[in-house]
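Number of protein chains: 2
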Amino acid sequence: MLSYTLGVDYGTNSVRALVVNCETGEELASAVVDYPSGHQGVLLDSADANLARQNPADYLYGLEESITRALAEALKHEGFTAEGIVGIGVDTTGSSPMPVDAHNVPLGVHPQWKDNLNAQCWLWKDHTSYAEAARITELSAEHRPQYIAKCGNTYSSEWWWSKIWHCLNVAPEVFDAAHSWVELADYVPSVLAGVKDPKGVVRGICCAGHKALYSDEWGGLPDKEFLALLDPKLAELRDRLYEKAVDASNVAGKLCPEWAEKLGLPVGIPIAVGEMDVHYGAIGCGVDEGTLVKVIGTSTCDCGVVSMKKEVADIPGICGIVPGAILPGYYGIEAGQSAVGDLFKWWVEGVCQDDAAHHAKLTVDAEKLKPGQSGLLALDWNNGNRTILVDQRLTGVILGQTLHTTQAEIYRALIEATAFGARMILERIAEYGVPVERIVCAGGIAEKNVMLMQIYADVTGRELCVSGSSQTCALGAAVGAAVVAGKYPDFKSAQDAMTSLKDVVYKPNPVAQKVYDELFALYGKVHDAFGGVNAQADLGGVMKELLRIKDSAR
Amino acid sequence: MLSYTLGVDYGTNSVRALVVNCETGEELASAVVDYPSGHQGVLLDSADANLARQNPADYLYGLEESITRALAEALKHEGFTAEGIVGIGVDTTGSSPMPVDAHNVPLGVHPQWKDNLNAQCWLWKDHTSYAEAARITELSAEHRPQYIAKCGNTYSSEWWWSKIWHCLNVAPEVFDAAHSWVELADYVPSVLAGVKDPKGVVRGICCAGHKALYSDEWGGLPDKEFLALLDPKLAELRDRLYEKAVDASNVAGKLCPEWAEKLGLPVGIPIAVGEMDVHYGAIGCGVDEGTLVKVIGTSTCDCGVVSMKKEVADIPGICGIVPGAILPGYYGIEAGQSAVGDLFKWWVEGVCQDDAAHHAKLTVDAEKLKPGQSGLLALDWNNGNRTILVDQRLTGVILGQTLHTTQAEIYRALIEATAFGARMILERIAEYGVPVERIVCAGGIAEKNVMLMQIYADVTGRELCVSGSSQTCALGAAVGAAVVAGKYPDFKSAQDAMTSLKDVVYKPNPVAQKVYDELFALYGKVHDAFGGVNAQADLGGVMKELLRIKDSAR
Numbered sequence: 001m002l003s004y005t006l007g008v009d010y011g012t013n014s015v016r017a018l019v020v021n022c023e024t025g026e027e028l029a030s031a032v033v034d035y036p037s038g039h040q041g042v043l044l045d046s047a048d049a050n051l052a053r054q055n056p057a058d059y060l061y062g063l064e065e066s067i068t069r070a071l072a073e074a075l076k077h078e079g080f081t082a083e084g085i086v087g088i089g090v091d092t093t094g095s096s097p098m099p100v101d102a103h104n105v106p107l108g109v110h111p112q113w114k115d116n117l118n119a120q121c122w123l124w125k126d127h128t129s130y131a132e133a134a135r136i137t138e139l140s141a142e143h144r145p146q147y148i149a150k151c152g153n154t155y156s157s158e159w160w161w162s163k164i165w166h167c168l169n170v171a172p173e174v175f176d177a178a179h180s181w182v183e184l185a186d187y188v189p190s191v192l193a194g195v196k197d198p199k200g201v202v203r204g205i206c207c208a209g210h211k212a213l214y215s216d217e218w219g220g221l222p223d224k225e226f227l228a229l230l231d232p233k234l235a236e237l238r239d240r241l242y243e244k245a246v247d248a249s250n251v252a253g254k255l256c257p258e259w260a261e262k263l264g265l266p267v268g269i270p271i272a273v274g275e276m277d278v279h280y281g282a283i284g285c286g287v288d289e290g291t292l293v294k295v296i297g298t299s300t301c302d303c304g305v306v307s308m309k310k311e312v313a314d315i316p317g318i319c320g321i322v323p324g325a326i327l328p329g330y331y332g333i334e335a336g337q338s339a340v341g342d343l344f345k346w347w348v349e350g351v352c353q354d355d356a357a358h359h360a361k362l363t364v365d366a367e368k369l370k371p372g373q374s375g376l377l378a379l380d381w382n383n384g385n386r387t388i389l390v391d392q393r394l395t396g397v398i399l400g401q402t403l404h405t406t407q408a409e410i411y412r413a414l415i416e417a418t419a420f421g422a423r424m425i426l427e428r429i430a431e432y433g434v435p436v437e438r439i440v441c442a443g444g445i446a447e448k449n450v451m452l453m454q455i456y457a458d459v460t461g462r463e464l465c466v467s468g469s470s471q472t473c474a475l476g477a478a479v480g481a482a483v484v485a486g487k488y489p490d491f492k493s494a495q496d497a498m499t500s501l502k503d504v505v506y507k508p509n510p511v512a513q514k515v516y517d518e519l520f521a522l523y524g525k526v527h528d529a530f531g532g533v534n535a536q537a538d539l540g541g542v543m544k545e546l547l548r549i550k551d552s553a554r
Numbered sequence: 001m002l003s004y005t006l007g008v009d010y011g012t013n014s015v016r017a018l019v020v021n022c023e024t025g026e027e028l029a030s031a032v033v034d035y036p037s038g039h040q041g042v043l044l045d046s047a048d049a050n051l052a053r054q055n056p057a058d059y060l061y062g063l064e065e066s067i068t069r070a071l072a073e074a075l076k077h078e079g080f081t082a083e084g085i086v087g088i089g090v091d092t093t094g095s096s097p098m099p100v101d102a103h104n105v106p107l108g109v110h111p112q113w114k115d116n117l118n119a120q121c122w123l124w125k126d127h128t129s130y131a132e133a134a135r136i137t138e139l140s141a142e143h144r145p146q147y148i149a150k151c152g153n154t155y156s157s158e159w160w161w162s163k164i165w166h167c168l169n170v171a172p173e174v175f176d177a178a179h180s181w182v183e184l185a186d187y188v189p190s191v192l193a194g195v196k197d198p199k200g201v202v203r204g205i206c207c208a209g210h211k212a213l214y215s216d217e218w219g220g221l222p223d224k225e226f227l228a229l230l231d232p233k234l235a236e237l238r239d240r241l242y243e244k245a246v247d248a249s250n251v252a253g254k255l256c257p258e259w260a261e262k263l264g265l266p267v268g269i270p271i272a273v274g275e276m277d278v279h280y281g282a283i284g285c286g287v288d289e290g291t292l293v294k295v296i297g298t299s300t301c302d303c304g305v306v307s308m309k310k311e312v313a314d315i316p317g318i319c320g321i322v323p324g325a326i327l328p329g330y331y332g333i334e335a336g337q338s339a340v341g342d343l344f345k346w347w348v349e350g351v352c353q354d355d356a357a358h359h360a361k362l363t364v365d366a367e368k369l370k371p372g373q374s375g376l377l378a379l380d381w382n383n384g385n386r387t388i389l390v391d392q393r394l395t396g397v398i399l400g401q402t403l404h405t406t407q408a409e410i411y412r413a414l415i416e417a418t419a420f421g422a423r424m425i426l427e428r429i430a431e432y433g434v435p436v437e438r439i440v441c442a443g444g445i446a447e448k449n450v451m452l453m454q455i456y457a458d459v460t461g462r463e464l465c466v467s468g469s470s471q472t473c474a475l476g477a478a479v480g481a482a483v484v485a486g487k488y489p490d491f492k493s494a495q496d497a498m499t500s501l502k503d504v505v506y507k508p509n510p511v512a513q514k515v516y517d518e519l520f521a522l523y524g525k526v527h528d529a530f531g532g533v534n535a536q537a538d539l540g541g542v543m544k545e546l547l548r549i550k551d552s553a554r
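So the sequence lines, in the order shown, correspond to chains Z and E.
Start counting the first sequence at 1; every next residue gets the next number (the working numbering).
Start counting the second sequence at 1; every next residue gets the next number (the working numbering).
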């Protein structure tokens, strides 16, 4: 009998289940289910643009629906039976923590909390806790510099402790009602494994190390003395969280009878430890030492790995360097850009007030422009700067406009801005000795947007490969499941068998590259001025002042 | 018999003739004629966005048509006869120089030159000669600092010598074919007066002083030694230009029989000396010492006057301080912003790709925003910076965008940007001792855009009055005509009788004012950084570099 694994990928707007042939990596069937709640699956607050939550009930609905539909699709293939499924892997957005009760049930599904936004899952892109993040950065710098040394010396409002602390500050009743908190990436595997106690939830090193200041070096999560500096209640909470987080060579449990029946799958098949989407995505792209994976979607995540047998320097401004976060035995290095596809979508749908089809029209016009021809330069900070400056309280810039500047010119300038941001990350990583011999891109934009990919090649001066799969995150989770199911001795052999590259390679055009080198130098100046790196520019505070004034105008 | 004067106003897209009752200022009739050539009357070059020319034939067509139609309209009023017209005043855009032959005929109307863009009138907003302007600034700073001391120490690409020199550089055949050059403001009166020799064209001090470095102090136009530093041919041209320029107490001539017959007007009535539109506009607004007139249209012009009995300091960054340029006996002080209405039009029509009616829709949304609520800040430099920095090679900036920023928020931010630019000018003038006790606004935007006017009041912290006439430039020209026709002993008495204010006064709201004070401080930082005032910001060259790269991308 042929063997298959399931990869389940929880995105921002939908969940996808993928059935993968363990021997060949063939993607037999998949199904996507949109989250029913909120705006495209996200719970918003019209009074606070920073807020982004999700309904935990959507996760359970999406889990059952997506797997059931994918299996139904797979069953149309001759030779496939559900008994052939040997394991399940799950990846999700992160840091997306949610409060749970003593039985590992999310507060958000309880009738008394279901309408309370603070009792739901705090989605990765929720930025309400920027003040708490800044305070954690300060306190850590003063008392535990080692905690933030691996995450660019800056703790983010997108991360675990900022969010939980903000919940405690703005909704103490929710905080008090929560027995514990779990990352979405740990929660879904725990559901499949039938875990009924938060203490029994297997916690992945991926979220713990990147988002929760977890390290074996200092005995796990931040110590209680430090947490008490934030709030004594956070120190108390530590006892109800976890002692140990593990890498993807571990299982999160075995498929419990209840969910086996719901899904029509064999009881007891292994559930891989959860990782964040792009981490499993990197695995699905065939990441190894020397390969930088770029998952380019609404935002971009950059992932690399370096053998744990080597030393890796602390890289200023990089989101995290975490042992075992992506591949067991390797440091996982994560960087990223907070808005990429989202930035273009903002321009086309938010500003130009056109529909998604308008991207194609603007692309036709933007493709006709030569590098530099528009005279425009933009900063890609509409959703803050995740890597290099690690500052959510930064905002966008467009400059160089004349009275003749067009929609398409600005569209292209925004694409170029994200390319410059990508180059900043690449140069920073390289500067600190992380080898980048190959760049593999994945995600909808990398697959479809030929103009963007060529601009990225021209701006970075690097050849860009594209992942063979359109569903690399789910594929990576399926690879992880194949490993824990014992189909392969290690990730390397599983990746070699199950992942691939497309034939296309984007090569830099030397003429364009030269112009972009000039523009990148200007981007650097504006970046450093508004980012506060060039303190003499006296502009480092401008965006923050604008946000302060904006907040008080409410 | 009642007496009337005609004010003829040459704008960027059309010409307007206004019949005014000399005793009361009543506007009896008017007619507007669009220039038939080019795009909305402007000849463009798709390969060079800096280029803006006009067909001189349009001026002659527009002169006859507008006056004829206005008179026809006026004749419907009982008691009016064409014999009642006692004088004509003309205002035009400027600096709009054009090459003419030895008979004062524009080259552009000659069959052999009519398709040559360089042989047409070089419209005020033509910026092709930025390199020449920069060189004139350098040479003047080194050899004749007094020449540019009165125009902010910076010569502009919008002005006379830059344009003529650029013509010599790019189209020597046109330069050589030109016997002389005349400003449009001097040309139209000379046509009415039947002047057939450029030497006979009466030149107004308004254009000469503001745009051509003319001053009685140094014997008129720049000396030949200096002009030879630019190009020996410009030194030669000086002999074919003029020795003397005069103020508006003078006549440009008397209506010649040919045009009297064409127009059906009495032969020999006086033609006032031409001034630039906003200068006569200031007169039409009742300008006197202590009054700042703001004509707010596609661009904004600020005009003030100070008695020539006093000393006026050189004001850095102000377009010009010229004796007699507006009112005889007073220094005329001119400042301005290169894009105001044009900036909003760019946003609505150029970027949002909507029609003019969309302004109203955006205004509805923008009006709901509190000051500072958008988190945005913009620089109003899409067409360069005319006053303070006097630099056409600056470009626009929008900053503070998030993924939620809307069309209407940016629309309002652009309006606020022009308000901050207006405040920069106001503060600069006041800093150098020019009294501003009253601000009178005119122009289509001042009359119609209530939101903008309130924002301007809130940003500047000043009460804003609005001119009683919708056609202040033409009215001012008609006032000038009434004075030279001997209906009044001086401008003051003519203005008192013929000009008025509307009842509306915009008063600053203290709450909004406080927020705008904060935003203005931030505007100042960004202004100084990109404008090169704060050299340490290292951003002063960014926009120029972008323009250089843009130029080489062609």
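Simulated from the structure, these hints should not be mistaken for laboratory data.
Honestly, I wouldn't trust all of these hints.
Which copy is meant is left open, because identical chains are indistinguishable; a pair holds if it fits in one copy or across any two.
Keeping only pairs whose Cα atoms sit at most 25 Å apart, straight-line, the calculated DSS-like set for lysine-lysine is [what the hints assert, rightly or not]:
1) Lys550 to Lys368
2) Lys361 to Lys309
3) Lys514 to Lys550
4) Lys244 to Lys310
5) Lys544 to Lys262
6) Lys310 to Lys361
7) Lys544 to Lys368
8) Lys544 to Lys525
9) Lys370 to Lys550
10) Lys345 to Lys361
11) Lys525 to Lys196
12) Lys254 to Lys244
13) Lys224 to Lys361
14) Lys487 to Lys361
Each hint, compared with the structure:
{"no.": "1", "hint": "Lys550 to Lys368", "in the structure": "between (38 Å within a copy, 14 Å between copies)"}
{"no.": "2", "hint": "Lys361 to Lys309", "in the structure": "neither (50 Å within a copy, 63 Å between copies)"}
{"no.": "3", "hint": "Lys514 to Lys550", "in the structure": "between (40 Å within a copy, 13 Å between copies)"}
{"no.": "4", "hint": "Lys244 to Lys310", "in the structure": "within (23 Å within a copy, 83 Å between copies)"}
{"no.": "5", "hint": "Lys544 to Lys262", "in the structure": "neither (50 Å within a copy, 65 Å between copies)"}
{"no.": "6", "hint": "Lys310 to Lys361", "in the structure": "neither (48 Å within a copy, 61 Å between copies)"}
{"no.": "7", "hint": "Lys544 to Lys368", "in the structure": "between (36 Å within a copy, 23 Å between copies)"}
{"no.": "8", "hint": "Lys544 to Lys525", "in the structure": "both (18 Å within a copy, 14 Å between copies)"}
{"no.": "9", "hint": "Lys370 to Lys550", "in the structure": "between (37 Å within a copy, 9 Å between copies)"}
{"no.": "10", "hint": "Lys345 to Lys361", "in the structure": "both (13 Å within a copy, 22 Å between copies)"}
{"no.": "11", "hint": "Lys525 to Lys196", "in the structure": "neither (53 Å within a copy, 57 Å between copies)"}
{"no.": "12", "hint": "Lys254 to Lys244", "in the structure": "within (19 Å within a copy, 99 Å between copies)"}
{"no.": "13", "hint": "Lys224 to Lys361", "in the structure": "neither (56 Å within a copy, 56 Å between copies)"}
{"no.": "14", "hint": "Lys487 to Lys361", "in the structure": "neither (47 Å within a copy, 62 Å between copies)"}
Of the numbered hints given earlier, the model fails hints 2, 5, 6, 11, 13, 14; all others are met.
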